[in-house]
Amino acid sequence: MIDIINLHKSFGDLKVLSGLNLSVKKGETFSILGKSGSGKSVTLKCIVGLLVPDAGDVVVDSMRVDVNDRKTLSEIRRMIGFLFQSGALYDSMSVRENLIFSLTKHDKVERGEASGKAEHYLTLVGLKDAIDKMPSELSGGMKKRAALARALVIEPQILLYDEPTTGLDPITSAEISELIKEMHGQFNITSIVVTHDILCAGIVSDRAGVLKEGVLKYTGKLNELVKIEDEEVAGFFRNPL
Amino acid sequence: MKRFFIHVYELTAFSLRFFKEVFLPPYEFGEFAGHLENFGSRSLPLVSVIGLLMGLILALQTKPTLARFGAESFLPAMVAISIVRELGPVITALVVAGRVSSGIGAEIGSMKVTEQIDALEVSSVDPYRFLVVPRILAGIISLPLLTAYADFLGIIGAFAIMYISAGMNWQLFMTSTITSLSIADIVPGIAKTFFFGFIISTVGSYFGFKASGGTASVGKAATSAVVFASFLILITDFVLVKVGILIFG
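Line by line, the protein sequences give chains A and B. Position one of the first sequence corresponds to residue 13 (my numbering), numbered consecutively onward. Position one of the second sequence corresponds to residue 23 (my numbering), numbered consecutively onward.
Think of the hints as simulated: they come from the structure by calculation, not from any bench. Quick caveat, the model's predicted, so the values are computed rather than measured. Worth double-checking, as some hints may not be accurate.
Stated by the list, open to error - Straight-line alpha carbon distances no greater than 25 Å define the calculated SDA-like cross-link-like pairs of lysine to any residue that follow:
1) B:K242 with A:K83
2) A:K83 with B:Y49
3) B:K24 with A:L26
4) B:K232 with B:L38
5) B:K232 with A:L63
Working from the sequences, and respecting the hints, build out all of it.
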């Protein structure tokens with residue numbers, strides 16, 4: 013479903029990705045683990061065309077991500093839900109407006125129907141009562157839930173999560189991780205989760221990989237990664253931050 | 023200095039993109055209406071005060087000088103021409119730039135640093151078409167109307183001074199004002215405000231898009247937007263005055 017082939021990306025002299033390869037199957041949840049600044053978010057942004065790689069290819073559902081091919085890029089983006097690290101809710105719109113924005117804009121869904129869908133997905137994430145609140149009135153956990161509902165409401169085939177539990181307390185982090193797992197079970201979505209939260213990765217992923225020196229050094233099930241006898245990787249699991 | 027020219031180059035490319043995007047669907051009528059209200063209606067109180075003060079101060083300052091030459095009766099004409107040709111358009115543009123350009127810079131800048139612009143892109147919404155085009159259109163349409171309103175209030179302010187200090191009646195004042203104004207005063211005065219409106223929205227949006235990193239860059243975007251917009255308004259005014267003189271004499 014998602015193939016990343018020999019991806020390179022640098023910012024000036026700073027080499028972030030240097031030949032990253034990854035293949036994620038349909039319905040699978042893959043977690044990319046790594047220290048801050050290791051290039052996890054850059055990888056996600058290359059998948060949706062927010063960043064242009066220096067070399068290499070990203071192929072989503074047999075379509076190559078190419079920022080110059082706006083039509084294909086738009087088709088790819090409409091298959092993808094993206095949960096941003098900060099939530100990135102539009103702060104000039106209510107939670108309801110945030111959810112129906114994409115539906116009314118692209119899918120030409122009638123406003124009443126879109127509003128019904130928004131209510132349905134907000135109920136799923138346990139946020140129905142906040143539907144008419146503004147993002148500034150929500151707590152950190154509520155923002156993440158609302159952002160997850162916004163990502164789900166377009167009924168995507170793929171969901172990309174950029175640090176879904178960052179900035180949350182351990183209890184809310186676990187709740188969000190369980191929610192992500194529940195949604196995947198319900199909708200069979202292919203996902204990539206970028207995180208340095210091992211607990212979150214343990215709950216949501218089928219497979220995981222450690223991003224180090226611009227490449228995925230080790231991939232496999234999380235319980236296999238923990239056993240790897242590499243001092244740096246072991247150290248990362250001991251002290252992921 | 024190098025950074026200044028980089029801004030000029032990038033701002034030019036950013037501005038030119040408007041002429042391509044404005045004709046392409048989808049047309050954001052809802053957004054346009056909202057920005058029209060922000061740019062136009064919400065600037066009215068400020069423009070009202072500034073417009074009135076402009077006429078009051080100009081009349082107050084000029085009256086003693088004209089009286090010294092026995093030319094007090096020329097005051098309505100002098101004030102009207104000064105306001106309609108130059109002071110009205112420029113002062114209104116500078117005041118609105120302070121209010122709107124900084125607001126646009128801060129709003130778009132904060133959207134940029136909180137990844138809301140990325141979220142728009144990922145939703146296949148072109149941020150330029152959604153955020154910038156309606157703002158520029160609102161600027162182009164609102165500023166000429168605000169300027170005409172400020173001009174009118176400026177003339178009223180001048181009348182107030184003449185009425186209080188010299189007992190001049192409304193009919194005489196307006197006759198003197200209207201007969202002194204010609205098309206060559208009104209057209210260039212209003213025409214340049216289309217450019218100023220374009221500058222205010224474009225510069226604000228450009229610096230908003232340039233914001234990166236943390237909240238400090240949002241403040242910087244707002245400040246840079248006002249400074250650069252004011253500077254460009256004065257430079258453009260200088261050029262347009264020259265062009266106006268060449269065309270209308």
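Hint check results:
1. About 35 Å separates the Cα atoms of K242 of chain B and K83 of chain A, which puts this hinted pair outside 25 Å; it is violated.
2. For the hint pairing K83 of chain A with Y49 of chain B, the CA-to-CA distance comes to about 18 Å; that is within 25 Å, so the pair holds.
3. Restraint check: the Cα-Cα separation between K24 of chain B and L26 of chain A comes to about 24 Å, which is no more than 25 Å; the hinted pair holds.
4. A distance of roughly 17 Å separates the Cα atoms of K232 of chain B and L38 of chain B; the hinted pair therefore holds under the 25 Å criterion.
5. For the given pair, K232 of chain B sits about 16 Å from L63 of chain A by alpha-carbon distance, which is consistent with the 25 Å threshold.
In this structure, only the earlier hint numbered 1 is contradicted, and the remaining ones agree with it.
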